[in-house]
Amino acid sequence: MIKFSILISTKNRLDSLKFTLEKISYLIDRNDVECFVCDDGSSDGTSDFIVQNYTNIQLITHVKSKGYIYSRNIMLDLTSASYAISLDDDAHFVTENPLETIETYFKNNLKCGALAFRLYWDMQPPIRVESNQKPERVRSFVGCGHVWNMEAWKSISNYPEWFVFYGEEEFASYQLFKNNWEIHYLPQVLVHHRVDIKSRKKDKDYRVRLRRSLRSGWYLYFLFYPLNTIPRRFFYTLWIQMKTKVFKGDFKALIAILQALGDIIINFPFVLINANRLSKKEFVEYSKLTETKLYWTPKDL
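Note that this note's numbering numbers the sequence shown so that position 287 is 287, with each residue one more than the last.
These are calculated hints, taken from the structure and not from any lab test.
Glycine is no exception: its CB is placed at the ideal position from the N, C-alpha and C atoms.
Take the hints with a grain of salt, since some may be wrong.
As a list, the in silico PhoX-like pairs of lysine-lysine whose alpha-carbon atoms are at most 20 Å apart [what the hints assert, rightly or not]: (1) K154 - K111; (2) K11 - K204; (3) K178 - K281; (4) K299 - K134; (5) K66 - K11; (6) K198 - K299; (7) K64 - K11; (8) K134 - K111; (9) K23 - K11; (10) K111 - K178; (11) K3 - K107; (12) K248 - K198.
FRET-style restraints, in silico, Cβ to Cβ [what the hints assert, rightly or not]: (13) T101 - L261: 40 to 50 Å; (14) P226 - T55: 47 to 57 Å; (15) Q188 - T55: 27 to 37 Å; (16) E130 - I265: 40 to 50 Å; (17) P269 - N53: 39 to 49 Å; (18) E100 - G249: 48 to 58 Å; (19) M1 - Q188: 22 to 32 Å; (20) E282 - Y26: 37 to 47 Å; (21) T229 - V208: 21 to 31 Å.
The task is simple: from the sequences and hints, build the whole structure.
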């Protein structure tokens, strides 16, 4: 019987994927685990590598890229497992044998629809792995390391593919809240996300990432916030971006902001169709939830 599914979407990052698969191979080999890898239009031989080296992985190959969110939806719709673990191709478990911890937690917390893992972001592994953090209910989770109770996933709409990248987890978190499911942070499971955060601003895709991050936040305002709260929050975030980036000479950010505003106009019909606003009472309750746990560092001890 398949209890767990490990889902990885990748595109032209074969070296990172190789490392991740090597680190989690002991999990993939278990009889109660299935693993999906979605090769979203790679040109670096990713699919050939999987076919030749991992016959126990269920491979999905897109000849032409269909997007990160589309790929995640496909894998979530295909799995027959009770719990679906999402990992980025540059992320792996540091905690040994995490699956029993995950299953036990879900069984002891029946209202929990998704679990967020403790995430360490750096190219090098953490010098310490211990933490005194305790499990708690939070607003949302991070795409690079979390797990779904598939009963909860099936009770809500799929991730919005028109978001393209960023914001889909928050989209799901609002829907879970509306359907009386909870999201919990489980620090007993540590994931190493092999990313150099400081260098991202220098990356070629900095403007693209900023554009997608901004517009997804604005999409969420228009989709889920009570109408009377939207204008103040929208213009405040716009002002902060101008103040902290554009007025300090970051003209790449200005382009990203203008493009994000254009995306809002173009995709507003999707916003109207998918709007599922929180009531004032629900909004107050949601706002009281603990912020999403994005990063963990050893100093948190």
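Original post:
If you check each hint against the structure, which ones fail?
Top reply: Hint check: nothing fails, all pass.
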